[in-house]
Amino acid sequence: NAGVTQTPKFRVLKTGQSMTLLCAQDMNHEYMYWYRQDPGMGLRLIHYSVGEGTTAKGEVPDGYNVSRLKKQNFLLGLESAAPSQTSVYFCASSSMAEQFFGPGTRLTVL
Amino acid sequence: GEDVEQSLFLSVREGDSSVINCTYTDSSSTYLYWYKQEPGAGLQLLTYIFSNMDMKQDQRLTVLLNKKDKHLSLRIADTQTGDSAIYFCAESSAQAGTALIFGKGTTLSVSS
Numbered sequence: 001n002a003g004v005t006q007t008p009k010f011r012v013l014k015t016g017q018s019m020t021l022l023c024a025q026d027m028n029h030e031y032m033y034w035y036r037q038d039p040g041m042g043l044r045l046i047h048y049s050v051g052e053g054t055t056a057k058g059e060v061p062d063g064y065n066v067s068r069l070k071k072q073n074f075l076l077g078l079e080s081a082a083p084s085q086t087s088v089y090f091c092a093s094s095s096m097a098e099q100f101f102g103p104g105t106r107l108t109v110l
Numbered sequence: 001g002e003d004v005e006q007s008l009f010l011s012v013r014e015g016d017s018s019v020i021n022c023t024y025t026d027s028s029s030t031y032l033y034w035y036k037q038e039p040g041a042g043l044q045l046l047t048y049i050f051s052n053m054d055m056k057q058d059q060r061l062t063v064l065l066n067k068k069d070k071h072l073s074l075r076i077a078d079t080q081t082g083d084s085a086i087y088f089c090a091e092s093s094a095q096a097g098t099a100l101i102f103g104k105g106t107t108l109s110v111s112s
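Respectively, the protein sequence lines represent chains Y and B.
Counting from 1, position 28 in the first sequence corresponds to residue 28 in the working numbering; the numbering is continuous, with no gaps.
Counting from 1, position 74 in the second sequence corresponds to residue 74 in the working numbering; the numbering is continuous, with no gaps.
By construction, these hints were calculated from the structure, which means they are not laboratory data.
Incorrect hints may appear among the rest.
As the list claims (entries may be wrong) - Residues of chain B placed beyond 12 Å of chain Y at every Cβ, according to the derived structure:
#1 L8
#2 M55
#3 Q57
#4 T62
#5 K67
#6 D69
#7 D78
#8 S84
#9 S92
#10 V110
What the hints assert, rightly or not - Derived pair list, reagent style SDA-like, types lysine to any residue, alpha-carbon separation capped at 25 Å:
#11 B/K36 <-> B/T23
#12 B/K36 <-> Y/E79
#13 B/K104 <-> Y/R106
#14 B/K36 <-> Y/L107
#15 B/K104 <-> Y/Y64
#16 B/K104 <-> Y/P39
#17 B/K56 <-> B/G40
#18 Y/K70 <-> Y/T54
#19 B/K104 <-> Y/P83
#20 B/K36 <-> Y/T86
#21 Y/K57 <-> B/P39
#22 Y/K57 <-> B/R13
#23 B/K36 <-> Y/G3
#24 B/K70 <-> Y/T86
#25 B/K36 <-> Y/V60
#26 B/K70 <-> Y/R106
#27 Y/K9 <-> Y/M41
#28 Y/K9 <-> B/P39
#29 B/K36 <-> Y/D38
#30 B/K36 <-> Y/K70
#31 B/K56 <-> B/S7
#32 Y/K57 <-> Y/D26
#33 B/K67 <-> B/S111
#34 Y/K9 <-> B/G42
#35 B/K36 <-> Y/T54
#36 B/K70 <-> Y/E98
None of these values were measured; they are calculated from a predicted model.
The beta carbon of each residue, even a glycine, is placed where N, CA and C say it ideally should be.
Please model the entire structure based on the sequences and the hints provided.
Okay, structure coming up:
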């Protein structure tokens with residue numbers, strides 16, 4: 001039982017490049033989330049999903065897209081990376097009460 | 001809108017009790033949470049409390065909830081150097097599934 005896993009752990013991009021972050025959970029949770037964490041800030045919600053095939057915007061969705069084609073996976077895409085997207089990205093999944101986080105992906109955009 | 005506020009720093013001596021405070025704005029939050037984050041690591045769920053409870057105790061951790069004042073606190077008894085970390089308070093959002101609204105975090109520093 002791995003919980004929530006994220007790949008990759010680290011990535012450096014150049015401005016304008018694209019990439020996809022993968023989140024996987026093995027707890028059969030319906031809800032999944034992508035957050036970003038910036039220095040001195042709490043986590044802010046980018047996008048979320050309440051079930052397979054559904055996605056919705058969170059607090060800071062601009063510049064990101066997501067897909068939830070399978071229940072266990074939640075993908076976060078950056079189509080054209082910008083330096084403002086340099087951050088640590090956390091994926092989470094939840095049952096009704098408990099929300100579990102992955103280890104994070106540290107992304108730097110030059 | 002929804003907002004969660006925390007003090008930014010707390011410094012205690014080993015063996016003392018630590019109390020981290022938090023205020024929130026959304027009175028409809030079902031659950032309130034405390035997470036711990038160590039340097040370079042993800043978030044570890046420490047404990048959570050259902051909104052109709054006043055107190056929850058779990059080993060060295062005690063959570064107090066004052067729903068009238070929208071105030072949440074986390075007390076760590078017999079604080080150890082291994083408790084040094086950032087502690088985040090969070091409330092469940094009424095508008096985004098069960099997504100969490102986080103405070104900016106309280107850095108707890110424990111000196112021996």
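Going through the hints against the structure:
Its beta-carbon lying about 8 Å from the closest one in chain Y, B/L8 breaks the requirement of being farther than 12 Å from that chain. Listed as outside the interface, B/M55 is consistent with that label: its C-beta sits roughly 17 Å from the nearest C-beta of chain Y, beyond the 12 Å cut-off. Remark: the non-interface label on B/Q57 is consistent with the geometry, its nearest Cβ contact in chain Y lying 17 Å away (cut-off 12 Å). Consistency note on B/T62: stated as away from chain Y, and its beta-carbon is indeed over 12 Å from all of that chain's, at 19 Å minimum.
Annotated as non-interface, B/K67 keeps its C-beta farther than 12 Å from every C-beta of chain Y; the closest such distance is 17 Å. Non-interface call for B/D69 relative to chain Y: holds, since the shortest CB-CB distance, roughly 21 Å, exceeds 12 Å. The Cβ of B/D78 sits about 26 Å from the closest Cβ of chain Y, beyond the 12 Å cut-off, so the non-interface label holds. For B/S84, the requirement that its beta carbon stay farther than 12 Å from each beta carbon of chain Y is met, with the minimum near 18 Å.
Against the 12 Å criterion, B/S92 falls within the reach of chain Y, whose nearest CB is about 9 Å from its own CB. Against the 12 Å criterion, B/V110 stays outside the reach of chain Y, whose nearest CB is about 21 Å from its own CB. Proximity of B/K36 to B/T23 is assessed by CA-CA distance (about 17 Å); at most 25 Å being required, the pair is judged to hold. At roughly 32 Å between alpha-carbon atoms, B/K36 and Y/E79 are farther apart than 25 Å, so this suggested pair is violated.
Distance hint between B/K104 and Y/R106 is fulfilled; the C-alpha atoms sit about 19 Å from each other, no more than 25 Å. Distance hint between B/K36 and Y/L107 is fulfilled; the C-alpha atoms sit about 22 Å from each other, no more than 25 Å. At most 25 Å may separate the alpha-carbon atoms for a hinted pair to count; B/K104 and Y/Y64 meet this at roughly 23 Å. Of the pairs offered as hints, the one joining B/K104 and Y/P39 holds, with about 9 Å between alpha carbons and a cut-off of 25 Å not exceeded.
With a C-alpha separation of about 29 Å, the suggested pair B/K56 and B/G40 falls outside the 25 Å cut-off, and the hint is violated. For the suggested pair Y/K70 and Y/T54, the alpha carbons sit about 10 Å apart, so the restraint of at most 25 Å is met. A threshold of 25 Å between alpha carbons decides the hint, and for B/K104 with Y/P83 the separation of about 22 Å falls inside it, so the pair holds. Distance restraint check for B/K36 and Y/T86: the Cα-Cα separation of roughly 23 Å lies within the 25 Å cut-off, and the hinted pair is therefore satisfied.
Distance restraint check for Y/K57 and B/P39: the Cα-Cα separation of roughly 29 Å exceeds the 25 Å cut-off, and the hinted pair is therefore not satisfied. For a cut-off of 25 Å, the pair hint linking Y/K57 to B/R13 is broken: about 43 Å separates their Cα positions. Between B/K36 and Y/G3 the alpha-carbon distance is near 17 Å, which keeps this suggested pair within the 25 Å criterion. For the given pair, B/K70 sits about 34 Å from Y/T86 by alpha-carbon distance, which is inconsistent with the 25 Å threshold.
Distance restraint check for B/K36 and Y/V60: the Cα-Cα separation of roughly 23 Å lies within the 25 Å cut-off, and the hinted pair is therefore satisfied. Between B/K70 and Y/R106, the direct Cα distance comes to roughly 34 Å. Violation of the 25 Å bound is thereby established for this hinted pair. Our distance criterion of 25 Å between C-alpha atoms is met by Y/K9 and Y/M41, whose separation comes to about 20 Å. Straight-line distance between C-alpha atoms of Y/K9 and B/P39 comes to about 15 Å, which keeps the hinted pair within the 25 Å bound.
Our distance criterion of 25 Å between C-alpha atoms is met by B/K36 and Y/D38, whose separation comes to about 16 Å. About 30 Å separates the Cα atoms of B/K36 and Y/K70, which puts this hinted pair outside 25 Å; it is violated. Of the pairs offered as hints, the one joining B/K56 and B/S7 holds, with about 21 Å between alpha carbons and a cut-off of 25 Å not exceeded. Taking the CA atoms of Y/K57 and Y/D26, the gap is about 24 Å. The hint holds against a cut of 25 Å.
Of the pairs offered as hints, the one joining B/K67 and B/S111 is violated, with about 33 Å between alpha carbons and a cut-off of 25 Å exceeded. Distance restraint check for Y/K9 and B/G42: the Cα-Cα separation of roughly 11 Å lies within the 25 Å cut-off, and the hinted pair is therefore satisfied. Under the criterion of a C-alpha separation no larger than 25 Å, the hint pairing B/K36 with Y/T54 is inconsistent with the structure, at around 30 Å. Taking the CA atoms of B/K70 and Y/E98, the gap is near 21 Å; set against the 25 Å cutoff, the hint holds.
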